[in-house]
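Chemist: Start from the sequences and build out the full structure, keeping to the hints where you can.
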Amino acid sequence: MTQRKDREQAAADAEALIARYGLQPHPEGGWFAEVHRSGRSVGTPQGYPGERVALTAIYFLLKEGDFSAFHSVTSEEVWIHLAGAPLELALLDPEPQLLTLAAPGEPGESLIVVPPEVPQAARSLGAFTLTSCLVAPGFDFDDFRMPRAAELLERYPHATELITRYTRS
Numbered sequence: 001m002t003q004r005k006d007r008e009q010a011a012a013d014a015e016a017l018i019a020r021y022g023l024q025p026h027p028e029g030g031w032f033a034e035v036h037r038s039g040r041s042v043g044t045p046q047g048y049p050g051e052r053v054a055l056t057a058i059y060f061l062l063k064e065g066d067f068s069a070f071h072s073v074t075s076e077e078v079w080i081h082l083a084g085a086p087l088e089l090a091l092l093d094p095e096p097q098l099l100t101l102a103a104p105g106e107p108g109e110s111l112i113v114v115p116p117e118v119p120q121a122a123r124s125l126g127a128f129t130l131t132s133c134l135v136a137p138g139f140d141f142d143d144f145r146m147p148r149a150a151e152l153l154e155r156y157p158h159a160t161e162l163i164t165r166y167t168r169s
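When we follow UniProt numbering, the leftmost residue of the sequence shown carries the number 1, and every step to the right adds one.
Don't take each hint at face value.
As the list claims (entries may be wrong) - With beta-carbon atoms standing in for the labels, derived distance ranges:
| # | residue 1 | residue 2 | range |
| --- | --- | --- | --- |
| 1 | Ala150 | Gly22 | 32 to 38 Å |
| 2 | Ala149 | Glu117 | 17 to 23 Å |
| 3 | Pro45 | Arg4 | 18 to 24 Å |
| 4 | Gln46 | Gln9 | 47 to 53 Å |
| 5 | Pro45 | His158 | 17 to 23 Å |
| 6 | Arg7 | Glu106 | 28 to 34 Å |
| 7 | Gly43 | Pro96 | 33 to 39 Å |
| 8 | Gln9 | His36 | 35 to 41 Å |
| 9 | Pro104 | Thr44 | 33 to 39 Å |
| 10 | Leu98 | Gly65 | 29 to 35 Å |
Don't read these hints as lab results, they were simulated from the structure.
Being a predicted model, the structure only gives us computed values, none of them experimental.
Where is the CB? At the ideal position from N, CA and C, for every residue including glycine.
Modeler: See the structure below:
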């Protein structure tokens, strides 16, 4: 197969995954669907505005050319590679880090843990990447923050290139 046909097939594969899992556009970029929300409550953890479930899980897909803009969540988040190309995960903790999330046996990590409140952003390093993201205590949009570039540049002036790459105007 030619490189063009490989890319066309990968794009078709990404669209098939979006349809198969009923993925919807995510505010940070990419496509997602919640696939698990624990039935167990952990009450109202310190620092949270209300009750949270123990764990949530989503499928998250990024296509070539799209990115997950810098955002943070109050909870710990675990990224797991499921299919497609490796993923570049950028963290500002407090120094900029670029990590690679990849399938087991490929260069990079197949699981990456993002600590609570750490700004994170991502992009596929190929035609698409499908991941699962697990959040504990469980995700709630009240715990989601997507700061503007100016706010990030003020806090992390040494990360200008990454912030510019991974924020929208």
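Chemist: Could you check the structure against the hints above and give me the numbers of any it violates, in ascending order?
Modeler: 3, 5, 6, 8, 10
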